[in-house]
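Q: Sequence:
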Amino acid sequence: MNELKDAKKIYESIEIPNELSLIIDKCIKNEEGKNKVVPMKKKNYIKYLTTIAAAFVLAILIGVNTSEVFADTMQNIPIIGNVMKVLTVRSYEDKNKDRNIKVEVPAIDSEKAKDVNSLIQEKIDSYVKEADERIQEYKKAFIATGGTEEEFAKHNIKVNVGYDVKYQDEDIVSFVITGTESWVSAYGLNNYYNLDIKNNKELTLKDILGDNYIEIANESIKKQMKEKSEADPNIVYFSEEKGGFTSIDENTKFYLNSSKNPVIVFDKYEVAPGFMGMQEFEITK
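Residues in the sequence shown are numbered consecutively from 1, following the UniProt record's numbering.
Think of the hints as simulated: they come from the structure by calculation, not from any bench.
Beta carbons: idealized from backbone N, C-alpha and C, even for Gly.
Keep in mind that the hints are not guaranteed to be accurate.
Calculated pairs, BS3-like style, for lysine-lysine (alpha carbon to alpha carbon, straight line, at most 30 Å) [said to hold, decoys possible]:
id, residue 1, residue 2
1, K166, K114
2, K154, K114
3, K129, K158
4, K226, K139
5, K206, K114
6, K114, K140
7, K268, K123
8, K206, K97
9, K253, K154
10, K112, K226
11, K154, K206
12, K140, K198
13, K198, K166
14, K206, K158
15, K253, K285
16, K222, K253
17, K158, K201
18, K222, K198
19, K226, K198
20, K97, K166
21, K206, K166
22, K102, K222
23, K223, K158
24, K260, K139
25, K223, K139
26, K268, K198
27, K285, K201
28, K139, K198
29, K154, K166
30, K140, K123
31, K97, K112
Derived CB-CB ranges, DEER-like [claimed, not checked]:
id, residue 1, residue 2, range
32, G188, S229, 49 to 57 Å
33, K158, S229, 20 to 28 Å
34, E151, K228, 14 to 22 Å
35, N261, S239, 21 to 29 Å
36, G244, E282, 16 to 24 Å
37, R90, N234, 28 to 36 Å
38, D232, E202, 49 to 57 Å
39, N257, A153, 35 to 43 Å
40, E282, G146, 28 to 36 Å
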């Protein structure tokens, strides 16, 4: 059952590779130059071929996620090799009467990413362990103040760890690992990874924006804050005097969006009141 859920999730998130789009276009042009006995509308033909392409990619991705041999083999095929840069998933569930923990572990399918994959696993393992410990502490306090085991079980506490791919191509991958706990919002996991797989290094804001990345980002963020506040009186940011935004640094969190622009991320309460949640600012190059 988990495999079917994973397959559905993979299918819904499929991005058809450029190479397959080119193949589809070529097929359409070839067919247009032939005399067909039964005419087919171009729109329906494109849909038909796109569906085949999506199914093809889905089959490959399922193979990658279920067979190490299959993944190793497909990685060596020229066109398919680019598809293999997607993150693969290992998922598991740990459930008892007190809580239900669901985890999806991403791993970069590259020999150069072994250290990063180990770090990702360590981060996730640490978060899950700490979340479980917090739940047990909460349970002890709950029982100590008159609650019962049955009442605590009704809380239906859930811990979910997953990931979201923000950008990827044949050389670069940008993603975030997230963790949430249903019973409390104070403890969450948001670890961002921006990796240059080709050159085996972690991408920095300096790599993307240049030597003046701090000045560029600061100016853009302050401008966006001002514009947002002026456009909507309900949008409020802390002033510098009250601990608000002053400057980014080399450790500021970010990810790459679909335009390959860095998006700087601030945690809840970091630059604005809690009701505004996490704040993101795209920095155009």
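Q: Now tell me if each hint is right for this structure.
A: Hint-by-hint comparison with the structure:
1. K166 - K114: Measuring from Cα to Cα gives roughly 20 Å; hence the hint holds.
2. K154 - K114: 41 Å, violated
3. K129 - K158: Distance of about 14 Å is within 30 Å: holds.
4. K226 - K139: Roughly 45 Å between the alpha carbons, so the hint for K226 and K139 is violated.
5. K206 - K114: Cα-Cα ~24 Å, so holds.
6. K114 - K140: 39 Å, violated
7. K268 - K123: Holds: K268 and K123 sit about 20 Å apart, inside 30 Å.
8. K206 - K97: The hint is violated at about 48 Å.
9. K253 - K154: With Cα atoms ~37 Å apart, K253 and K154 exceed 30 Å; violated.
10. K112 - K226: 42 Å, violated
11. K154 - K206: Violated - the C-alpha atoms of K206 and K154 are around 49 Å apart, more than 30 Å.
12. K140 - K198: 49 Å, violated
13. K198 - K166: 18 Å, holds
14. K206 - K158: 38 Å, violated
15. K253 - K285: Holds, at roughly 17 Å.
16. K222 - K253: 17 Å, holds
17. K158 - K201: With a Cα-Cα distance of about 35 Å, the restraint between K158 and K201 is violated, given a limit of 30 Å.
18. K222 - K198: Not satisfied, since the Cα-Cα distance of roughly 34 Å exceeds 30 Å.
19. K226 - K198: 38 Å, violated
20. K97 - K166: 35 Å, violated
21. K206 - K166: Distance of about 19 Å is within 30 Å: holds.
22. K102 - K222: Violated - the C-alpha atoms of K222 and K102 are around 38 Å apart, more than 30 Å.
23. K223 - K158: 39 Å, violated
24. K260 - K139: 45 Å, violated
25. K223 - K139: With a Cα-Cα distance of about 46 Å, the restraint between K223 and K139 is violated, given a limit of 30 Å.
26. K268 - K198: 34 Å, violated
27. K285 - K201: Holds. K285 to K201 sits at ~21 Å (cutoff 30 Å).
28. K139 - K198: Status violated; Cα separation ~47 Å.
29. K154 - K166: Status violated; Cα separation ~36 Å.
30. K140 - K123: 26 Å, holds
31. K97 - K112: 41 Å, violated
32. G188 - S229: 49 to 57 Å: 26 Å, violated
33. K158 - S229: 20 to 28 Å: This hint is violated: roughly 36 Å between Cβ atoms.
34. E151 - K228: 14 to 22 Å: 44 Å, violated
35. N261 - S239: 21 to 29 Å: 27 Å, holds
36. G244 - E282: 16 to 24 Å: With a Cβ separation near 19 Å, G244 and E282 satisfy 16 to 24 Å, so the hint holds.
37. R90 - N234: 28 to 36 Å: Hint violated: Cβ distance 42 Å, outside 28 to 36 Å.
38. D232 - E202: 49 to 57 Å: Taking Cβ atoms as reference, D232 and E202 lie about 36 Å apart, which means the hint is violated.
39. N257 - A153: 35 to 43 Å: For A153 against N257, whose Cβ atoms are near 42 Å apart, the range 35 to 43 Å holds.
40. E282 - G146: 28 to 36 Å: With a Cβ separation near 50 Å, E282 and G146 fall outside 28 to 36 Å, so the hint is violated.
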